[in-house]
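Chemist: Here is what each chain is made of, one letter per residue.
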Amino acid sequence: MEITAVYYLIPALIMFCCGVYGFITRKNMIAMLISLELMLNAVDINFVVFNRFLYPEQMEGMFFTLFAIAIAAAETALAIAIIINIFRAAKNIDVRTLNEMKF
Amino acid sequence: MESVGSIILYFIVALSMIVFSVMAVTTRKILRAATYLLFTLFAAAVVYFMLDYEFLGAVQIAVYAGGIVVLFVFAILLTSRPGDNTERLTSRSRVMGAIAALATLLAAGYALLSRTMVFLAKPAMEAPTMDNIGTAMLGTGEGQYLLPFEAVSVLLLACIIGGVVVARKR
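From first to last, the protein sequence lines are chains G and V. Under this note's numbering, the first residue of the first sequence is numbered 1, with each subsequent residue one higher. Under this note's numbering, the first residue of the second sequence is numbered 1, with each subsequent residue one higher.
There could be a bad hint or two in this list.
[To be verified] Simulated crosslink set (DSS-like; lysine-lysine; CA at most 30 Å straight-line):
| # | chain 1 | residue 1 | chain 2 | residue 2 |
| --- | --- | --- | --- | --- |
| 1 | G | 27 | V | 169 |
| 2 | V | 169 | V | 29 |
| 3 | G | 27 | V | 29 |
| 4 | V | 169 | G | 91 |
| 5 | G | 91 | V | 29 |
| 6 | G | 91 | G | 27 |
[Stated by the list, open to error] Away from chain G, derived, C-beta distances all over 10 Å, residues of chain V:
| # | residue |
| --- | --- |
| 7 | 109 |
| 8 | 131 |
| 9 | 137 |
| 10 | 140 |
| 11 | 141 |
[Claimed, not checked] Label-pair ranges, simulated between beta-carbon atoms:
| # | chain 1 | residue 1 | chain 2 | residue 2 | range |
| --- | --- | --- | --- | --- | --- |
| 12 | V | 110 | G | 98 | 22 to 28 Å |
| 13 | V | 11 | G | 96 | 27 to 33 Å |
| 14 | V | 2 | G | 96 | 16 to 22 Å |
Rather than coming from a laboratory, the hints here were simulated on the basis of the structure. Quick reminder that beta carbons are idealized off the backbone N, C-alpha and C, glycines included.
All chains, full assembly: derive it from the sequences and hints.
Modeler: What follows is the structure, given as structure tokens:
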């Protein structure tokens, strides 16, 4: 059996779809952020797989993934700061009850 | 032809990636969702190791598993009591989510499976050495990444300042 690129892309695709499902159904902000991380990670895997199987002599996909990981870390840190701030002001982080911007 | 060991490793990784990502979005305890996310990220790191990108796998474990998941756990413990269940999903939002996810799966899966012929077996490659990675990251020539590297450092600085400003007590 030969493991080609499709064998890596299909788990990544399922992971992305789980992220989509979670992002739509979850109501807790942190759970939504976790779904977002799943989607980002699936895209990272795609970058690496395309780089490895189609252009093995270059490193573009690897660097895109490296920068995507750095940006995901920054985004998560900032989003969690905002979530904690909202929690301090509104005492919950349920997106259905947060419909006023100013408390 | 792959060795038997790498095929077995592949199946373990692919299966755990699928199972843990499904569980991360369906479990009702939020702390467990973060734990399943951690396992999924580890599986992704193993994929990077299997594809000969050792540096990337190490970064994945250090930044995602070491940094982001710890942040998640801290935020979860600050904002909810452990052991709390999230509310049951209404069937409407579940149907909407399932439709969106299945539509994505069908569209992307069809596009992927109709072009399986494009992909050949894994070509031989030298794993990129630290020398190559460092030169490519800190060079200014073609295919080198000094400018994005500096931009990311400014972004991280802005993120630190923004995080402190947003989260501090007034």
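Chemist: Hint by hint, say whether it matches the structure.
Modeler: Verification of the supplied hints:
1. Restraint check for residue 27(G) and residue 169(V): the C-alpha separation of about 26 Å stays at or below 30 Å, so the hint holds.
2. Our distance criterion of 30 Å between C-alpha atoms is met by residue 169(V) and residue 29(V), whose separation comes to about 29 Å.
3. The straight-line distance between the Cα atoms of residue 27(G) and residue 29(V) is roughly 13 Å, inside the 30 Å bound, and the hint therefore holds.
4. Between residue 169(V) and residue 91(G) the alpha-carbon distance is near 15 Å, which keeps this suggested pair within the 30 Å criterion.
5. The hinted pair formed by residue 91(G) and residue 29(V) meets the criterion: a straight-line CA distance of about 19 Å does not exceed 30 Å.
6. Proposed proximity of residue 91(G) and residue 27(G) is supported: the alpha carbons are some 15 Å apart, at most 30 Å.
7. At the 10 Å boundary, the C-beta of residue 109(V) falls inside the reach of chain G, the nearest C-beta of that chain being 6 Å off.
8. Against chain G, the non-interface label of residue 131(V) holds: every CB pair exceeds 10 Å, the least being about 12 Å.
9. Not every beta carbon of chain G lies more than 10 Å from that of residue 137(V), the smallest distance being close to 7 Å; the non-interface claim is violated.
10. In this structure residue 140(V) is separated from chain G by more than 10 Å, as the shortest Cβ-Cβ distance comes to about 14 Å.
11. Under the 10 Å C-beta cut-off, the non-interface status given to residue 141(V) relative to chain G holds; the minimum distance is some 13 Å.
12. Checking the proposed 22 to 28 Å range against residue 110(V) and residue 98(G) shows it is violated: the Cβ atoms sit about 37 Å from each other.
13. For the pair residue 11(V) and residue 96(G), the supplied restraint of 27 to 33 Å is violated, since their beta-carbon distance comes to about 40 Å.
14. At about 48 Å, the CB distance of residue 2(V) to residue 96(G) disagrees with the hint of 16 to 22 Å.
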